[in-house]
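A.B. asks: Generate the whole structure from the sequences, applying the supplied hints.
What follows is each chain in one-letter form.
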Amino acid sequence: MRIFMVLGISFYAVVLIIIGIALMAFSLNLFEPLDINNLVLYLQSGINSRIIVGLSGFLLILISFSFAQLILGRFQREKTIAFATTSGEVTIALSAVEDLIKRLGGVIPEIKELRPDVIATKKGIVVDLRVILKSETNIPELTLRLQEITRSKIQEVLGIEEQVFVKIHVLKIVTAEDKDKKKRDAEKQEPGIPFAGYGRFGQ
Amino acid sequence: MHREETRTDLGAIKIHKNVIASIASLAAVEIEGVKRIGGDFTSGLLELIGKKNLLAVKVEIDKNEEVRIDVPLVIKYGFNIPDIANRVQENVRNALEKMTSLSIKDINISVQSIERG
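Going down the list, the protein sequences come from chains A and B. One point on numbering: in my numbering, the residue at position 110 of the first sequence is 110, and numbering is uninterrupted. One point on numbering: in my numbering, the residue at position 67 of the second sequence is 67, and numbering is uninterrupted.
The calculated DSBU-like cross-link candidates involving lysine-lysine, where the alpha carbons are at most 35 Å apart (straight line), are:
id, chain 1, residue 1, chain 2, residue 2
1, B, 105, A, 122
2, B, 35, A, 134
3, B, 58, A, 123
4, A, 153, B, 76
5, A, 172, A, 112
6, A, 123, A, 167
7, B, 58, A, 153
Since the hints were derived computationally from the structure, they do not count as laboratory data. Just so you know, these numbers come straight off a predicted model, no measurement behind them.
C.D. replies: Right, dumping it as structure tokens:
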């Protein structure tokens, strides 16, 4: 896998250097626009050269795709919690833990929206919660309850004894008026149908 | 693709990696609490065009003919993950040993997501 990484990086470095040199040469007037035109015409003239150009393009797309996947896969692999069992290793993606916490939003009715961000550190699991609350909520009481629920749920579902730190950041408090206002705005924006009631009179 | 090969008096029996992946994925989804087999971008694309999600389960066979399997999972909300992972590992091991008599070295589980059941 490492060799693919080295090959991919070298390939991109070479391609970018070639593009850079070409741009610099063009700015220094080392070749004319006509030369580029001639080169393009030459490439388009024969069926063989066109096939080569087409295949090179396809190959470039394939290389880019596999390289991007390699990098993304590497990043994804790093963001996990892992533990070993007798049969092998179990890894849990941090995004799965985030999914789990999002579901907790439905358990507490005072929470309008919950956006979790989970980081695994050497000290334990750090959960950063950004919440949007409904109005008339006792924030200290609710946040304490949310911290307790989050911590116990993570420890219960993941079966870990590591420390779970839950940080809460209240982003917004939505009032009932806000909801009504949004509803009214939506109704206002709906265009009225001209002569909608016409002809109904007397029916 | 590498195949597990066994020699008998009558000839060779080869088991394709896809067969091992199929058995592993079927055994995994049998466990209550497993929503489905997860997958990466490529397996998702293949699934879209109607190919089975076999690429998601990775099978490696080493020189000593020991099998290593990586099973990505999506777990149902409300289930204990280590418990589910243990049961999946056991079920996959039993199914593979019963059906193929292969020597299983590791069954690695990676929980990719949690969804409502």
